[in-house]
Amino acid sequence: MELLAPAGNMEKLETAFRFGADACYFAGKKYGLRAFADNFELDELKQSVAYAHKLNKKAYITLNIIAHNRDFDGLKEYVLYLQEIKVDAVIVADIGIIDFIRQIAPNLDIHVSTQANITNKYSAQLLQKMGVKRLILARELSFEEIKEIRDSVPDMEIECFVHGSMCIAYSGRCLLSNYMTGRDSNCGACSQPCRWEYFISSKAQDDEYQIEEDERGTYILNSKDLCMIEYIDKLASIGIDSLKIEGRMKSPYYVATVVNAYRRAIDLYEKDKNNYHCPDELLEELEKTSHRRYTTGFYNNSTDREYLLASKPVQSYEFVAVVTKDCSWRKVVVEQRNKFQVGDTLQVLSPNDTFNKEFVIKSITDENGNKMTVADKVQQSLTINCPYKLKVGDILRRKIK
Numbered sequence: 020m021e022l023l024a025p026a027g028n029m030e031k032l033e034t035a036f037r038f039g040a041d042a043c044y045f046a047g048k049k050y051g052l053r054a055f056a057d058n059f060e061l062d063e064l065k066q067s068v069a070y071a072h073k074l075n076k077k078a079y080i081t082l083n084i085i086a087h088n089r090d091f092d093g094l095k096e097y098v099l100y101l102q103e104i105k106v107d108a109v110i111v112a113d114i115g116i117i118d119f120i121r122q123i124a125p126n127l128d129i130h131v132s133t134q135a136n137i138t139n140k141y142s143a144q145l146l147q148k149m150g151v152k153r154l155i156l157a158r159e160l161s162f163e164e165i166k167e168i169r170d171s172v173p174d175m176e177i178e179c180f181v182h183g184s185m186c187i188a189y190s191g192r193c194l195l196s197n198y199m200t201g202r203d204s205n206c207g208a209c210s211q212p213c214r215w216e217y218f219i220s221s222k223a224q225d226d227e228y229q230i231e232e233d234e235r236g237t238y239i240l241n242s243k244d245l246c247m248i249e250y251i252d253k254l255a256s257i258g259i260d261s262l263k264i265e266g267r268m269k270s271p272y273y274v275a276t277v278v279n280a281y282r283r284a285i286d287l288y289e290k291d292k293n294n295y296h297c298p299d300e301l302l303e304e305l306e307k308t309s310h311r312r313y314t315t316g317f318y319n320n321s322t323d324r325e326y327l328l329a330s331k332p333v334q335s336y337e338f339v340a341v342v343t344k345d346c347s348w349r350k351v352v353v354e355q356r357n358k359f360q361v362g363d364t365l366q367v368l369s370p371n372d373t374f375n376k377e378f379v380i381k382s383i384t385d386e387n388g389n390k391m392t393v394a395d396k397v398q399q400s401l402t403i404n405c406p407y408k409l410k411v412g413d414i415l416r417r418k419i420k
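Note that the working numbering has the sequence shown beginning at 20, numbered continuously upward.
Source of the hints: derived by calculation from the structure; they are not laboratory data. Hints should not be assumed to be uniformly reliable.
What the hints assert, rightly or not - Straight line, CA to CA, 20 Å or less: simulated EDC-like cross-link-like pairs of lysine to aspartate or glutamate:
hint, residue 1, residue 2
1, Lys-148, Glu-163
2, Lys-77, Glu-176
3, Lys-48, Glu-21
4, Lys-418, Glu-300
5, Lys-350, Asp-385
6, Lys-331, Glu-300
7, Lys-148, Glu-103
8, Lys-152, Asp-90
9, Lys-49, Glu-103
10, Lys-410, Glu-377
11, Lys-418, Glu-337
12, Lys-76, Asp-260
13, Lys-73, Glu-33
14, Lys-292, Glu-249
15, Lys-331, Glu-303
16, Lys-420, Asp-395
17, Lys-105, Asp-62
18, Lys-73, Asp-107
19, Lys-344, Asp-372
As the list claims (entries may be wrong) - Have a look at the derived ranges for each label pair, beta carbon to beta carbon:
hint, residue 1, residue 2, range
20, Glu-306, Lys-95, 44 to 54 Å
21, Ile-419, Gln-122, 50 to 60 Å
22, Lys-73, Lys-49, 43 to 53 Å
23, Lys-95, Asp-395, 48 to 58 Å
As the structure is a prediction and not an experimental result, all values here were calculated from the model. Even for Gly, the Cβ is constructed at its ideal location relative to N, Cα and C.
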C-alpha cells in the first residue's frame with residue numbers, strides 16, 4: 020500500500036519523504052483547497068516533482084476546487100504545464116475539470132478527490148468510464164461500503180483517508196465559512212468556523228444536545244481526528260491501494276510524527292500480514308503531536324454523535340530543534356524551533372534506529388562557541404551534546420510538563 024502524505028511547502032515535502040512517505044500531494048498557488056498553505060510557485064512545482072522522482076517517489080497536484088466559470092481562465096495553460104513537468108497525477112473534484120483535462124491532456128492521470136463525494140459503486144463506475152485512474156473515496160463510508168465499491172471497479176486504484184482532521188460536512192462540502200466570513204471553503208479559503216468556540220444562550224423546547232465544555236467554550240461542530248493505524252491489516256484486506264494522511268496546513272513536526280508512525284506500522288504489517296498488531300509505542304507516538312481526540316470515523320459504522328464530540332487540540336511533546344548536519348558522536352548541530360535549556364531531556368524523532376532515544380542537554384554553544392544555558396532564539400544555529408549519530412532532518416522534541 021502507498022503511504023500518501025500532505026505537503027504544504029517544500030520543507031514539509033522533504034520531511035514527508037524523509038520519514039517514509041511513498042508519495043506527496045500538494046498544490047500550486049491556484050485551484051487547490053488549501054489556499055492558506057504556503058503552496059508552490061510554478062518553478063517550485065517543477066523542482067518538487069523532480070525531487071520526488073529522484074527519490075523514486077510520486078507527486079500528485081491538487082486541482083480540487085469546486086469550479087465556477089471564472090476558474091477555467093488560465094486552467095488550460097496550467098494543466099499543460101503540469102503535464103510538461105511530469106506530475107504523476109492531478110487530484111480533481113469537479114466533473115467539468117475532469118472532462119476539460121481529458122480533452123487537452125488525455126495522458127495525464129486523474130485522481131478523483133474526496134470532494135467529489137464518491138459514496139457508491141455507481142458513481143465509481145461512471146468515473147471509470149470517464150477515464151480516471153484513482154478514486155479517493157468519501158470519508159463517510161464503512162469498511163463494508165468501501166469493499167463493495169472496490170469490487171465494482173477492480174481495475175481502478177482506491178485511496179482513503181486514514182489520519183487527520185475530519186469535517187462535519189460531507190467530505191468537506193461546507194458553506195459555513197462562506198456564510199459566516201465570506202471565505203469560500205470549496206475554493207480553498209475555509210476559515211474553519213466549525214473549530215470556533217460557541218456559547219449557547221438558548222435552546223429549542225424539544226431539542227437537546229449533549230455538548231462538551233471546557234474553559235475555552237463549547238465545541239458542538241468540532242469533530243474528532245481520524246486515526247486508523249490499528250486497522251492497517253483490515254484496510255489492506257479490502258483492497259485499498261493508498262493510505263492518505265490529512266494535513267497540508269499542519270506543521271513539519273506533525274508531518275514527521277504521523278508519517279513516521281504509519282510508515283513503521285505498514286512495514287510491520289508487510290513483515291507478517293497474518294498477525295498485525297499496532298504496538299503501543301506507535302499509538303503513543305500519535306499523541307505526541309497536536310491532535311484532537313481520535314476516532315475511527317465511519318469505518319466501523321460509528322454514529323454521527325460519537326464522531327462529532329470533540330474538544331481543543333492536545334499533544335504530549337513539543338518540537339524544539341531540527342538537526343542541520345549529520346553528526347558523529349558527542350555533538351550535534353541543530354536549528355532551534357522552540358525554547359529549551361541545559362537540563363532538559365530531549366527525545367529523538369527519526370526514521371532510523373535512533374527513534375525515541377533520549378538524552379539530557381548538558382551543553383549548548385552558539386555559532387561563535389559561546390556557552391549558553393537557554394536556547395530561546397528561533398532558528399538560531401546551535402551545537403549541543405548528543406550521544407547518538409543523528410542525521411540531517413532528525414527532530415528533537417521535549418515532553419510537555
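Check each numbered hint from earlier against the structure, then list the numbers of those it violates in ascending order. Hints 1, 3, 6, 7, 8 and 22 are the ones this structure does not satisfy, whereas the remaining hints hold.
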